[in-house]
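Chemist: Make the full structure from the sequences, and use the hints.
Below are the chains, spelled out letter by letter.
2 protein chains.
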Amino acid sequence: MYTTPEMIFQSEGQFVRWLQTLSAGKSPQVRLGIGDDAALVRVGRDRDLILTADLSIEGVHFTADLHPARSVGHRALARSLSDIAAMGGVPRFALVSVAFPRALSRRWIEEFYRGILDLAACFRVQVIGGDTSIVRRTVMIDVTLAGEVLRGRGLLRSGARPGDQIFVSGSLGCSAQGLEILKSQARARKSGRHGTQAGPESSALKSHLYPEPRCELGRWLQNSGLPSAMMDISDGLSTDLIRLCEASGVGATVLADYIPGPPGKLPERALELALNGGEDYELLFTVPKQRLTKVPALHRGLPLRCIGQIRRAHEVLLVRNDGSRSPLASAGYDHFSK
Amino acid sequence: MYTTPEMIFQSEGQFVRWLQTLSAGKSPQVRLGIGDDAALVRVGRDRDLILTADLSIEGVHFTADLHPARSVGHRALARSLSDIAAMGGVPRFALVSVAFPRALSRRWIEEFYRGILDLAACFRVQVIGGDTSIVRRTVMIDVTLAGEVLRGRGLLRSGARPGDQIFVSGSLGCSAQGLEILKSQARARKSGRHGTQAGPESSALKSHLYPEPRCELGRWLQNSGLPSAMMDISDGLSTDLIRLCEASGVGATVLADYIPGPPGKLPERALELALNGGEDYELLFTVPKQRLTKVPALHRGLPLRCIGQIRRAHEVLLVRNDGSRSPLASAGYDHFSK
Numbered sequence: 007m008y009t010t011p012e013m014i015f016q017s018e019g020q021f022v023r024w025l026q027t028l029s030a031g032k033s034p035q036v037r038l039g040i041g042d043d044a045a046l047v048r049v050g051r052d053r054d055l056i057l058t059a060d061l062s063i064e065g066v067h068f069t070a071d072l073h074p075a076r077s078v079g080h081r082a083l084a085r086s087l088s089d090i091a092a093m094g095g096v097p098r099f100a101l102v103s104v105a106f107p108r109a110l111s112r113r114w115i116e117e118f119y120r121g122i123l124d125l126a127a128c129f130r131v132q133v134i135g136g137d138t139s140i141v142r143r144t145v146m147i148d149v150t151l152a153g154e155v156l157r158g159r160g161l162l163r164s165g166a167r168p169g170d171q172i173f174v175s176g177s178l179g180c181s182a183q184g185l186e187i188l189k190s191q192a193r194a195r196k197s198g199r200h201g202t203q204a205g206p207e208s209s210a211l212k213s214h215l216y217p218e219p220r221c222e223l224g225r226w227l228q229n230s231g232l233p234s235a236m237m238d239i240s241d242g243l244s245t246d247l248i249r250l251c252e253a254s255g256v257g258a259t260v261l262a263d264y265i266p267g268p269p270g271k272l273p274e275r276a277l278e279l280a281l282n283g284g285e286d287y288e289l290l291f292t293v294p295k296q297r298l299t300k301v302p303a304l305h306r307g308l309p310l311r312c313i314g315q316i317r318r319a320h321e322v323l324l325v326r327n328d329g330s331r332s333p334l335a336s337a338g339y340d341h342f343s344k
Numbered sequence: 007m008y009t010t011p012e013m014i015f016q017s018e019g020q021f022v023r024w025l026q027t028l029s030a031g032k033s034p035q036v037r038l039g040i041g042d043d044a045a046l047v048r049v050g051r052d053r054d055l056i057l058t059a060d061l062s063i064e065g066v067h068f069t070a071d072l073h074p075a076r077s078v079g080h081r082a083l084a085r086s087l088s089d090i091a092a093m094g095g096v097p098r099f100a101l102v103s104v105a106f107p108r109a110l111s112r113r114w115i116e117e118f119y120r121g122i123l124d125l126a127a128c129f130r131v132q133v134i135g136g137d138t139s140i141v142r143r144t145v146m147i148d149v150t151l152a153g154e155v156l157r158g159r160g161l162l163r164s165g166a167r168p169g170d171q172i173f174v175s176g177s178l179g180c181s182a183q184g185l186e187i188l189k190s191q192a193r194a195r196k197s198g199r200h201g202t203q204a205g206p207e208s209s210a211l212k213s214h215l216y217p218e219p220r221c222e223l224g225r226w227l228q229n230s231g232l233p234s235a236m237m238d239i240s241d242g243l244s245t246d247l248i249r250l251c252e253a254s255g256v257g258a259t260v261l262a263d264y265i266p267g268p269p270g271k272l273p274e275r276a277l278e279l280a281l282n283g284g285e286d287y288e289l290l291f292t293v294p295k296q297r298l299t300k301v302p303a304l305h306r307g308l309p310l311r312c313i314g315q316i317r318r319a320h321e322v323l324l325v326r327n328d329g330s331r332s333p334l335a336s337a338g339y340d341h342f343s344k
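So the protein sequences, as listed, match chains A and B. Be aware that the first sequence starts at 7, since it is given in my numbering, and climbs by one per residue. Be aware that the second sequence starts at 7, since it is given in my numbering, and climbs by one per residue.
Treat each hint with caution, since some may be false.
As the list claims (entries may be wrong) - Cβ pair distances, simulated, as ranges:
(1) A/Ala127 / B/Glu117: 37 to 43 Å
(2) B/Gly65 / A/Asp124: 29 to 35 Å
(3) A/Arg108 / B/Glu117: 26 to 32 Å
(4) A/Arg113 / B/Gly158: 37 to 43 Å
(5) B/Ala70 / A/Gly65: 18 to 24 Å
(6) B/Arg120 / A/Lys300: 45 to 51 Å
(7) B/Pro333 / A/Arg108: 27 to 33 Å
(8) A/Arg142 / B/Arg326: 37 to 43 Å
(9) A/Arg130 / B/Ala337: 38 to 44 Å
(10) A/Thr69 / B/Gly65: 18 to 24 Å
(11) A/Lys189 / B/Asn229: 57 to 63 Å
As the list claims (entries may be wrong) - Computed, partial: chain A to chain B, Cβ under 10 Å:
(12) Asp54
(13) Leu55
(14) Val104
(15) Thr138
(16) Ser139
(17) Thr150
These are calculated hints, taken from the structure and not from any lab test. Even glycine gets a Cβ: it sits at the ideal position worked out from N, Cα and C.
Modeler: Structure representation (structure tokens):
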């Protein structure tokens, strides 16, 4: 299944063996991994299979000057892990397809796979296949992830009902803040100045370069039976909350003051980053009123905050602390307008 | 899961709805298709899951001037279908990830998905997700296919044993012949001449533009219990037979005269195309001697031809009809040297 970047590795055999070594430690579920026509895996008898694919493209999802290779790999897999988390599933197997430009260094490729495989190991995900090709220019990655969830128990976007309270995990806008810092560091490097990495800065950088998918929280929520709907916040709350409402055929009211933005920013800027920043990979979920008391304020140190309520009317409104209400505009991260 | 080519479609919603309409007719196995964070499917209790991913990149696997959009879609899915066929599995669900250049026409995209979805329908495969993005230049596609096979019954490359006979389905080199014709037609168009499409020519063109994955044959062989090893011929017999032998820890002798090349070519040229052409998507399989009498010469009109024998010695030898023997050189289609 793996065709070879022969210009970088001596042969397909060498590349496949290298990848097999890196991704060693086969789980008993994997009947056959990298090296044959396809991979063979076993899923549980009482499980549904979750499948998701996510592209990561140079110049769109990352840039050569801002993102180290290890971060590119980490982020490529994190996007798919977050999709599995959003359904309350357990991630299991990944296929990694990559188009490498001829000019790319072997070191870059190694660091890239390290980023993928270290994160995969954290979540006990096995990389079982994929494809590679050599291209002229742009690095392009497609990660497919297969996960499992108890039959019929996957959490969908479409289950929110009027009266349900809306929750988000962690803080929003930190990844966007990290990207801003990366860009200003790059400008400083160009002009010969040196940036500093203060506390909140390095935390924001980590949020952007090495985001932590909320798989454990997703599983816990799925197990708890609390949420009526769930999704991950990958394109910004403003965009993703509207998607959840559309899928559920409802509207919502969110309170600006309750939305947890990145620390150390003026309130208006923090709100803007939290609403429209994207790539936070936190979870957005709704809980019916009768189960509200069972939602903890913290889950393993991660805050779960109520930010508003689902409404019957199809509009999604943002209420500011001066009492003003305005329709929430879908202005999240958009690969096609940037 | 689907992010939007907004420059081509008005919005993500429009694109997703369009794709949902095109890929309508949800099977009961699909709990949740395009539109949520991930897709949810159910696999049989006594089945193993087969997963494969294949890249199709403009300038590597196809070119804008030679391959119509419908063929690009057809071929992108055919590559993965052939991988599932090679294991004797039944293809079920596809994820299609595509990076579209901004300049691409909506008509191209529609024809591309038609190519994918028409072939998917032939094999009762459901397109349940994927990802899209807008890029500056190159079209890049990654198709992930999930299939099923009876537990522990998937056919691998690694099962060939000394004494087993080597078989191929159909004819080899036809796709490469089709590509030659396409190139000469393109040259003729440029110089104002008009090409003709004679019988063998149009058949070769079809082999190249719209190859037919051997899923039915693969399943039949898996069911029959005849093969000891199997794989598909995607990179040319010379390359793929060596891979099968390496995976099985054996060697082979193949008889040049027995290798079914494309019709209407001089023997030497036909042999070269058959050995090194690639993209034929026929099946290569080995059968132990005691089961040989059960292999039919034709399966549903498709010839199954014995071309040689597996040997203990690790070399792969080609025997010509003058009796000369030479090591078979892996000279199949190689994306990285073209």
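Chemist: Hint by hint, note whether the structure agrees.
Modeler: These are the hints, each one checked on the structure:
no.: 1; hint: A/Ala127 / B/Glu117: 37 to 43 Å; verdict: holds (42 Å)
no.: 2; hint: B/Gly65 / A/Asp124: 29 to 35 Å; verdict: holds (32 Å)
no.: 3; hint: A/Arg108 / B/Glu117: 26 to 32 Å; verdict: holds (30 Å)
no.: 4; hint: A/Arg113 / B/Gly158: 37 to 43 Å; verdict: holds (41 Å)
no.: 5; hint: B/Ala70 / A/Gly65: 18 to 24 Å; verdict: holds (20 Å)
no.: 6; hint: B/Arg120 / A/Lys300: 45 to 51 Å; verdict: holds (49 Å)
no.: 7; hint: B/Pro333 / A/Arg108: 27 to 33 Å; verdict: holds (30 Å)
no.: 8; hint: A/Arg142 / B/Arg326: 37 to 43 Å; verdict: holds (39 Å)
no.: 9; hint: A/Arg130 / B/Ala337: 38 to 44 Å; verdict: holds (41 Å)
no.: 10; hint: A/Thr69 / B/Gly65: 18 to 24 Å; verdict: holds (22 Å)
no.: 11; hint: A/Lys189 / B/Asn229: 57 to 63 Å; verdict: holds (58 Å)
no.: 12; hint: Asp54; verdict: holds (5 Å)
no.: 13; hint: Leu55; verdict: holds (5 Å)
no.: 14; hint: Val104; verdict: holds (8 Å)
no.: 15; hint: Thr138; verdict: holds (7 Å)
no.: 16; hint: Ser139; verdict: holds (5 Å)
no.: 17; hint: Thr150; verdict: holds (4 Å)
In this structure, none of the earlier numbered hints is contradicted; all agree with it.
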